[in-house]
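K.L.:
Sequence:
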Amino acid sequence: MTKIFYYLLTNVLILSSFSCQSQGNKEAKELAKEIESTIAATAGTVKSSPQGYYMKAKINGKEWIATNVLNYDDIVYAHRIYAEKGKTFIGFPFDERWDRVGKKRTFEEGSVADLSYTLGDNSTWGGNKGEMEVTKADDKVIEGKFYFTATSSNSSKVIEVTEGYFRIPREVKK
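To convert, count from 1 in the sequence shown and add 32; that's the working numbering.
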């Protein structure tokens, strides 16, 4: 009887130690997730989220979602909407004086979209065929859609950026 008791006790202790480790791992993973979400974005950008500010598109059919978008003051200063994910970024001209709800901006010579995306040996692309349209603007956000075809003088390849959407911060000074 004593051997059975010690056997059961040993098994209970072993199982409870696995349970504690599992709980500890779960807590550690949750803590890591919280820390990751608070890591500062690149200087001049704000962290993107589906409910907040974002940019997303398909690059050659593959889903791309930015982790950071440029903050409003820098958008106004640079006259560009910009978002990044790792070493990939998308940027294009924007000026609130001209880019208003329902007015389309055509990407062409002198007004091109920028794409940093590694394809083969090349990572710098210019989108000189496509457009951007602001679909909503209020005191808090500017939303819109875009698409473009990107080429490079260093490559004969073409990159299609389609189904692009953005929501950027806006701060209207009253």
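To be clear, the hints were calculated from the coordinates, so they are not data collected in a lab. Errors might be hidden in some of the hints.
[Stated by the list, open to error] Each pair of labels, with its calculated beta carbon distance range: (1) H111 / S148: 28 to 36 Å; (2) E192 / G84: 25 to 33 Å; (3) V190 / Q83: 14 to 22 Å.
[Stated by the list, open to error] Straight-line alpha carbon distances no greater than 25 Å define the calculated DSS-like cross-link-like pairs of lysine-lysine that follow: (4) K136 / K90; (5) K88 / K172; (6) K88 / K177; (7) K172 / K117; (8) K79 / K117; (9) K161 / K79; (10) K172 / K94; (11) K189 / K94; (12) K79 / K189.
Just so it is clear, CB atoms sit at the ideal spot from N, CA and C, and this is done for glycine as well.
K.L.:
Would you mind marking each hint as holding or not holding in the structure?
P.N.:
Cross-check of the supplied hints:
no.	hint	in the structure
1	H111 / S148: 28 to 36 Å	violated, 18 Å
2	E192 / G84: 25 to 33 Å	holds, 27 Å
3	V190 / Q83: 14 to 22 Å	violated, 34 Å
4	K136 / K90	holds, 20 Å
5	K88 / K172	holds, 19 Å
6	K88 / K177	holds, 9 Å
7	K172 / K117	holds, 23 Å
8	K79 / K117	holds, 10 Å
9	K161 / K79	violated, 29 Å
10	K172 / K94	violated, 30 Å
11	K189 / K94	holds, 16 Å
12	K79 / K189	violated, 31 Å
In this structure, the earlier hints numbered 1, 3, 9, 10 and 12 are contradicted, and the remaining ones agree with it.
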